[in-house]
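*Asks:* For this one, chain A is given, so just place chains B, C and D on it according to the hints.
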Amino acid sequence: MNGVHDLGGMQGFGPVRPEPESEEPVFHEEWEGRVYAMVRLIGGLALWNLDMVRHARESLPPADYIAYSYYEIWFAALRKQLVESGLVTEDELRTGRASSAVSGAILERVMRAEQVRAKPFMTTSYRRPAPGPARFVPGDRVRARNRHPRGHTREPRYVRGHVGTIDAHYGSQVFPDLSADGVVEGCHLYCVRFAARALWGESANVNSAVYVDLWEDYLEAAP
Amino acid sequence: MNGVHDLGGMQGFGPVRPEPESEEPVFHEEWEGRVYAMVRLIGGLALWNLDMVRHARESLPPADYIAYSYYEIWFAALRKQLVESGLVTEDELRTGRASSAVSGAILERVMRAEQVRAKPFMTTSYRRPAPGPARFVPGDRVRARNRHPRGHTREPRYVRGHVGTIDAHYGSQVFPDLSADGVVEGCHLYCVRFAARALWGESANVNSAVYVDLWEDYLEAAP
Amino acid sequence: MTKDHQDDTAPPSDIELSVKALESLLVEKGLVDQEAVDALLELHENEIGPSNGRRVVARAWADGGFKRWLLDDPNGAIASMGYVGSQGDQVRVLENTDDVHNLVVCTLCSCYPWPLLGLPPVWYKSAPYRAQAVADPRGVMRQFGSEIGDNREVRVWDSTSEMRYLVLPQRPPGAEGWCEEELRDLVTRNSMIGVEEAQRPATTQTP
Amino acid sequence: MTKDHQDDTAPPSDIELSVKALESLLVEKGLVDQEAVDALLELHENEIGPSNGRRVVARAWADGGFKRWLLDDPNGAIASMGYVGSQGDQVRVLENTDDVHNLVVCTLCSCYPWPLLGLPPVWYKSAPYRAQAVADPRGVMRQFGSEIGDNREVRVWDSTSEMRYLVLPQRPPGAEGWCEEELRDLVTRNSMIGVEEAQRPATTQTP
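Same order as they appear, the protein sequences are chains A, B, C and D. Those letters in the first sequence? Residues 1 to 223, per my numbering, in order. Those letters in the second sequence? Residues 1 to 223, per my numbering, in order. Those letters in the third sequence? Residues 1 to 207, per my numbering, in order. Those letters in the fourth sequence? Residues 1 to 207, per my numbering, in order.
FYI, nobody ran anything at the bench for these hints, they're computed from the structure. Errors might be hidden in some of the hints.
Okay, the calculated bits of chain A under chain B, using three or more residues with CB under 8 Å as the criterion [what the hints assert, rightly or not]:
id, stretch
1, 2–16
2, 52–65
3, 73–81
4, 150–163
SDA-like mimics (lysine to any residue), calculated; alpha carbons at most 25 Å apart, straight line [stated by the list, open to error]:
id, chain 1, residue 1, chain 2, residue 2
5, C, K125, C, S18
6, B, K119, B, N205
7, A, K80, D, E23
8, D, K125, B, L60
Since the model is a prediction, treat every value here as computed from it, not as a measurement. We put the beta carbon where it would ideally sit given N, CA and C, even for glycine.
Next comes chain A alone, as it looks inside the complex (with noise of 0.2 Å):
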């Protein structure tokens, strides 16, 4: 989707304000730590995936995408999916109180401590089998397509339209725009350059490049 999530190339959000590295805490309020380490657990439950996560968040209304800090969106998307899942109910969200009963074959999957210690990242592999031969091969220059899809995808805007050359082949992996919506398919993956001035007109610098993994599904060839 075109939201204001989609952020590359965007103007008018002011500087960037580094903390000194030295001095950055992993969390600055205690709230936020609670917030990340529900989502994690929660989405150690595996009831949806990452590309259902991420739309969540770059689907809450736009003013709130924006006002929000990082982990207010997290907050804002997990209290979200934990109702449309059917995990927690709007009355209990509201009240506070636990008022229906979740399922033994999820209870069963809730993530324990000595699990956490075992393995602190979920360690999710995205490869999935292609679905034919690659169609490029490094070298190719390939158009970006001009796809502008309702939900989720990760072709960003500021590349849509432009020509680039295939740097690298990643092999296949999950599928994101279909993935957000439960279907889990592998496409070939790509890193494809663009010079600056593709992207961004006579004014960039003529020596800078950037490179963005996209899918085949986002890709035509390019004369």
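*Replies:* Then chains B, C and D, alone, in the frame of chain A:
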């Protein structure tokens, strides 16, 4: 600038919510009318032009621009322009009490009720002499240049890089990109027709087109 | 955005207070004439509005010669009726036909033919309309209850310059023999923006 | 976005209360194990962070054979040091040279090589960085005090897939003969994202 004001083609803002035409008041709140009137009357002092006003609005912080209602945007930009032009000081805005005098030359231009009644709208013309002969004629194929200026522009992002056809030549109008910086120069203005599929890809309705007014500096000949 | 008028007994909101404070300041500094504010608002409440546009459209429906003039030389034809001014000094009139439907938007801000239609409605200035109109005009029109068949071309006009666009809707059937004054009642503001067709006689008061 | 820690005596904010309420609810429903929350946070506060990335870079600087392995088969080389996992199952290492400088961003969200660098800093997840990095990387780097000459190509890597990018900064001059453990102190997190070069010995504690 690639700002959040450049809304053409964005998604996720929800449905249009029309009010029944017969029930819609001119202003929904009294303060909205007062803001409108202040903007019009202060605008009549001719201390800034329309492109400067537009740029003041579109360069509000993105979170404000999206969260604000229409006249809240007008009000915020008016306050900004009043201070930046020196007409009002920060201190006066804060206290609400006048502490600096306005020059007589400006006071002479203050709009009076009888002037407003005689001419309720500004009659500024935006026509200006052309810098040279027109490069394009109706029927010519043109490409909207892939430009990303940091300042004000009236070339929306959604047309950039796409090919259309000159529908009409409107003569020479003030070029907004320079006008927003106070440089008032004419530039040939065209109406350009883009097939919906050229702009939005294969999923667009085949029997739709978008007509956009574009200045010659935004265009290049297309094969 | 479209809150109802506040209860008269409710305390004023922050924005109300800020606006009042700025107005007092500008009046105190002599930059704004209180009477001019009132005059301008009075004009908008009582005189300015889509009625000018309605008269132009009704005349074009009633008078084929005027219609040709309006399409060929809109500024001249409109000036002949006494309407000129702000952002209306260059107007282009877009004729709806059996083959073509026109729709106007301003994706970058809220450009609109004020002298002909008054101030734009809230939805016209809102993000949803500005975002969707250029990409999915048929979808937008459906939200107004209007259905445009795929065999009719939809032309969306994005008001990016100081040119202002007015849609000339199709004269509806069932009003044969109506005079210009009677026809005006069929011309809605929305039909001159292009999100709807003109009203049909059955849905309005019989003249 | 980067507010200071609240004063312990200040009343909790709305978001604090909402987060606490949701956590209690999820614990009550059995969906979240309180001990697992604490364990995860404890790991992040004390064990997870950019030190894994630092070790990988320092080893590549100290050992030419490892460096070649890291560039040719990053997943194998990194796994040999014991680091694997979330969003780190496919890593590509980008070598900075005299001719090329690399910079990593995720314009669409906040993808980042967690197992090597920990959670991303606030600025990496912020709109200004995500907006500017792909369009004006040199301008972004200037905001970190880094100047990249026009004769050096800047490559920006937008993490749009599950591939994760790690920049291998150039080994700074002045650290000749340093061992791997000593070199680690010169590897900043920011240099592995690419917004800065690695530290020079003069600007860090002498090992």
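*Asks:* Each hint should be assessed against the structure and marked as holding or not.
*Replies:* To see whether the hints hold, each was checked on the structure:
no.	hint	in the structure
1	2–16	holds (count 9)
2	52–65	holds (count 5)
3	73–81	violated (count 0)
4	150–163	holds (count 4)
5	C/K125 <-> C/S18	holds (23 Å)
6	B/K119 <-> B/N205	violated (43 Å)
7	A/K80 <-> D/E23	holds (15 Å)
8	D/K125 <-> B/L60	holds (21 Å)
Checked against the numbered hints given earlier, the structure breaks hints 3, 6 and satisfies all the rest.
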